[in-house]
Amino acid sequence: MAISAFLTDTTVCIGCKACEVACKEWNHIPADGFTFTGNSYDNTGSLGASTWRHVMFLEQPTALGPQTTGTEDPFRWLFLSDVCKHCENAGCLEACPTGAIVRTEVGSVYVQPDVCNGCGYCVVSCPFGVVDKNHEVGTAFKCTFCYDRQKEGLMPACAKACPTQSIQFGEINDLRERAQLRIEELQRRGYNDAQIYDPKESSVGGAHAMFVILGQPEAYNFPPAPEVPTVHLKSAWNAALISAAIVFLVVCLAFAF
Amino acid sequence: MPGLGTTFGRGGATTALPDLMNADTILIMGSNMAENHPVGFQWVIEARERGTKVIHVDPRFSRTSAMADIWAPLRAGSDILFLGGLVNYVLTHNKDFREYVVNYTNASVVIKDDFQDTEDLDGLFSGWDPDQRKYDPHSWGFAGASVGDDAEHFADGGHAKHSASMSAPDFNGAEHDRTLEHPRCVYQILKRHFARYTPEMVESYCGVKRELFLKIAETFCSASGADKTGNICYALGWTQHSNGVQIIRTAAILQLLLGNIGRPGGGILALRGHASIQGSTDIPTLFDILPGYLPMPKFKVNSHNLEAYLRKHQDKTGWWWNIDKYIVSLLKAYYGGAATKENDWGFGWLPRITGDHSHQGYFIEMMDGKVEGLFVMGQNPAVAAPSGRFERKALSKLKWLVVRDLVELESASFWYDSPEVERGELRTEEIATEVFFLPAAGHAEKEGCFTNTQRLLQWHQKAVDPPGDARAEPWFIYHLGRRLKEKARLDPRPRNAGLNALTWDYPLKGKHNEPSVEEVLQEINGRSLPDRTLVKGFVDLKSDGSTSCGCWIYSGVFPAAGQNRANDRKSRDFYGHGWAFSWPADRRILYNRASARPDGRPWSERKKLVWWDEAQKKWTGLDVPDFTATKPPDYQPPAGAEGDAAIAGDRPFILHPDGLGWIWVPIGLADGPLPAHYEPWESPVRNPLYPNQQTNPPAMAKQRPDNQYADSPDDRFPYVMTTYRLTEHHTSGAMSRTLPHLAELQPDPFCEISPELAAERGIENGDWVTITSMRGIIEARALVTSRMQPLDIDGKRVQQVGVPFHWGFRGLVKGDAANDLVAISEEPNVRIQESKALLCNLVAGHRTQGKKALEQLEQQIRGQAWQ
Amino acid sequence: MEGRREIAMVKEFLTRWPVVRQILTHSDGTGVEAMSDRTRNLAPKHHGAQVARSVCPYCAVGCGQLAYHKDGKLISIEGDPESPISRGRLCPKGSDSFELLTHAGRETRVKYRRPYSTQWEELDLETAMDMIAERVWEARERTFVEKSDGEDVMHTTAIAHLGGATLDNEENYLIKKLFAAGLGMVCISNQARI
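Chains as they are written, first to last, in my numbering: chain A, 411 to 667; chain B, 220 to 1086; chain C, 953 to 1146.
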């Protein structure tokens, strides 16, 4: 099967949250609390065990490309639907000791709820803070990339619902190309700070869920250089070995004298 | 609807959602389309991505504004000033599409000598009767044509075609000046009328800076002419005003001047708010119309017999000449074999209108103890109607109440958990109302059709049975009717003639004996009698009793056995032909004759839609022609021609007696042939154009001790308040605050205020605040945001407070109802309330609970600070 | 025979064991070899279900919906890609249509409140319908006006109706037909104005 991917584009997102609801409906995820945050229209907060699509609302004192607003000072309101990045090199997958987290044939990262033992190692290993443990059920959850739907050739629930196709779904190379063309188009139209968020240079090695954003990744809570914790594995073991050798030497010396 | 109906001929969106993709510019005003019609908004995004300029004008910077190319903040209630400013711009800079205007509109018509404009009479049109508070529209007529000469002649609006107050007009003798220079031709009157709607006026009183206004004007008005078109989308931000119909009229005039009606990418898209609200106006559960916009008979005005009715409403020329076929066919559908020529087809059995039987009208009667019983089906007046406190107290005066819905909503539970009970204004043990709550079926549990915002009838199939005792409305109405007909059967008094004659033999199916909904749709489509063959369309209807039809504009939806076109699912072209059925006759873009030149060729290749095929001698193209298919473009009607035969081959607005688009509306509206700016009932400023006419003269304030107004301006209530919707919730919240997945998206009620207002009142983002008006007191969270811009109006700083109206006292998430603050008032044509512009005060802190809340409100009304 | 079956069972067990699969396929235990039976047999919940073509009950865009059902139970509702208006998409409310019909707060029984009572009672549906018909007939009897000044009036203003914008065309048609043309009720309104 082809490797599938998401391309989520802030420039056509209308912040409606259809993706959040469609995902919860399809996956039978419960609501996770009726809490007013006061943070623009975002009462969801962040991705977590029972939120696998999260729409961000950014009110910024910056102009939106060529947009003319009647505001006294420059202003723009950006929306973006966040999701699991389904990393090329996934921290959660590397850390999982039980083999619960697997790479599927469509390239997504899938947590098997019947195998997961709730150890939580994946939670601390995700550089994006995506996967989380549901404390009532006792196991870890995150976006499944609608693996059940993809098995029958259907697109994920969020992509299907998105009214403006801000969430695009397709073959990964197609989407990478589309993303590039989109950036060029946007910059031509005057959106000078348009860029693609797809951290290929870091140890994550690129995401199967890419984003077209305006401005810096940090504004969207995206780490500019996310790392898979196991990238430090070799140096960590080396350091441990050297430390052990030193300790052994010192102990030997201590007994020698 | 009368805004569009009187200007073009039919009260409904003139275009279809996908057609937005063809627009060169889109003006969204009085609408928050991205939030309230998100999936429809995909077409705006498609257009934008192809280079269309999207303009959004609104009191708030919403999710729609974020997607627009230009956003201008607007003072709520100043829409006619702004739109009039655009009209002024077009006329001043000669930007009108001249060939279209001269040939397709009544801009060239000369108006009678005795007409006087609001500019002449300091805010009134000629014909104003200060005692009746109504206009006599005789002086609004055309020179040379008669506009009816009845004894009773007050301009009356309403949903029906034209008005029910005058004899049908005869326009044949109207004088025209096609050079548009005659000082009393519509074009010149229009110029004088809008002369003071300058960019400077817009800046001072709308709050839109001159340069920004001009940029919008240039952008929108440049999309005009043979090669370009512009579209306007509006919703309740335009309708819910004391001059709502005239706001829409101003936009309609603009679109006629720019030549945008009936053309691809043009038109006016009225964005309606509920799944089948268009349907509930077409097949109306409204008091003043019958299905297909036929007027209800009005006591002593037109209802003595069918002949009197027709004399009033049958235009000699234009499509409404056929009204006799439609009313007779409707009566045959209602009364079947009992309706005969001898008894006027049962016309006499129809009830007569004697007053204001609208929602607000009868709720006032209810408050005064004059309404005994009420059915509420799929509506929630306790939360969504204006002046919530009034509505809930009125409900407590009923003898009995029947509520049908999916959940026990506020209108069903007011007797024990409303704020009035909490505050001691009502005591449960003293409320006599007998309440029946009957659970209702949801949309996937029944079949039937909705009519959406673009006039599309779409059938929804049944997936599963409704649970428990829940039933669909057809079951309820049918079996209620069956019981009542049983009582009437042995009681032949005249009052029961209609009930006894009523055809009520729908085949029953299923274990619950549900009436066949398809059978009802067939009745709506129409049949020829006595064989009961389904008719193919409204052209097959007759006035001799040989046809029946429940709603002539829907005729054609079920043209033959087994052909439920509302259930067609094979779209075969861009406009969606083959998917569902669009009234009338599956035309997707109305008035599309206007997409061709007078000689029948398209205005341009780029904007072709419908054109004359000389070889085949008929109109053809990308849509079903909204015109008699075989009438050639050069057809001139012979003298004395009637009906559609009297409409020339180059007159696209076939429902009008003269086939023209009415820039000037001589009859049909209660408040004038042209729109004029008046302030809302409660305003921070005096009317800059007409200081002696602050508000729309014939609008009704329904002022009484329990429905009071602030002054304009008013120190006690210094802020402009506007109410609106969010994407995450739906109207009164019964279908959203009860669902966990939606409730969690927007849990607490909130208001939106500017940082400046927050600083003034010592409010931090997220704090609870108390908002008051002359009618009520509510609390909400404060979202402090730059999206609310303070405006400079006439040298004063005006703050606007935005309050979504979704919350009520039941559900998973609850809160105070914003509509508690809105007054009961009626726009003069359709009796809609003014929810979009009122005055309020706002202070930090929770509102007091219980009885003390009323004291806090009283203090506010007395102008004192609450201790 | 027994022996062969046992060997087959052991073989099957071994090949399903992720460790064995990992070794046999030379993989690292993070791919398909580590999938459980549940994962390998995953299918969408509406697999094999019937579908009703429906229309969203919320706003007036009228998005097409596919209502999946099996054995009389609703399974899920999503967009209908063949609609030329919505092209398969749904907003958050339309996307929540399944919850709208199945949530725990949905009423399924008649509730009745006597005058002056402080609580609801149960009532069976047929009795409720009889009682409502009585109320209508009785109110109409006392308040119906046949004529005034020699002209037909043929109405009652004592019974009113509110509702319609979420109801089907056929429902609104029957309501107006019975209430106005049959019973002479004129106080009929709904959310629509304009």
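Hints are computed from structural coordinates only; laboratory data are not their basis. Just so it is clear, CB atoms sit at the ideal spot from N, CA and C, and this is done for glycine as well. There's no promise every hint is true.
As the list claims (entries may be wrong) - Beyond 10 Å from chain C on every Cβ pair, some chain A residues (computed):
hint, residue
1, A432
2, E435
3, I511
4, Y520
5, D524
6, Q626
7, N631
8, W647
Said to hold, decoys possible - In silico DSS-like pairs for lysine-lysine, Cα to Cα no more than 25 Å straight-line:
hint, chain 1, residue 1, chain 2, residue 2
9, C, K963, B, K728
10, B, K589, B, K560
11, C, K1022, B, K730
Verification of the hints:
A432/A, annotated as away from the interface, has a beta carbon of chain C within 10 Å; the closest lies near 4 Å. Listed as a non-interface residue, E435/A fails to keep its Cβ farther than 10 Å from every Cβ of chain C; the least gap is roughly 6 Å. The non-interface label for I511/A is inconsistent with chain C: the shortest C-beta to C-beta separation is roughly 7 Å, within 10 Å. Interface exclusion of Y520/A from chain C breaks down, the closest Cβ pair being 7 Å apart, not more than 10 Å.
Chain C draws D524/A into its interface by the beta-carbon criterion, the shortest separation being 5 Å against a cut-off of 10 Å. Once the 10 Å rule is applied to beta carbons, Q626/A is consistent with being away from chain C; the minimum gap is 28 Å. At the 10 Å boundary, the C-beta of N631/A stays outside the reach of chain C, the nearest C-beta of that chain being 22 Å off. Interface exclusion of W647/A from chain C stands, the closest Cβ pair being 18 Å apart, more than 10 Å.
For the given pair, K963/C sits about 57 Å from K728/B by alpha-carbon distance, which is inconsistent with the 25 Å threshold. Note on K589/B and K560/B: the hinted pairing is violated, with a Cα-Cα distance of about 37 Å set against a maximum of 25 Å. For the hint linking K1022/C to K730/B, the alpha-carbon distance of about 19 Å falls within 25 Å, and the restraint holds.
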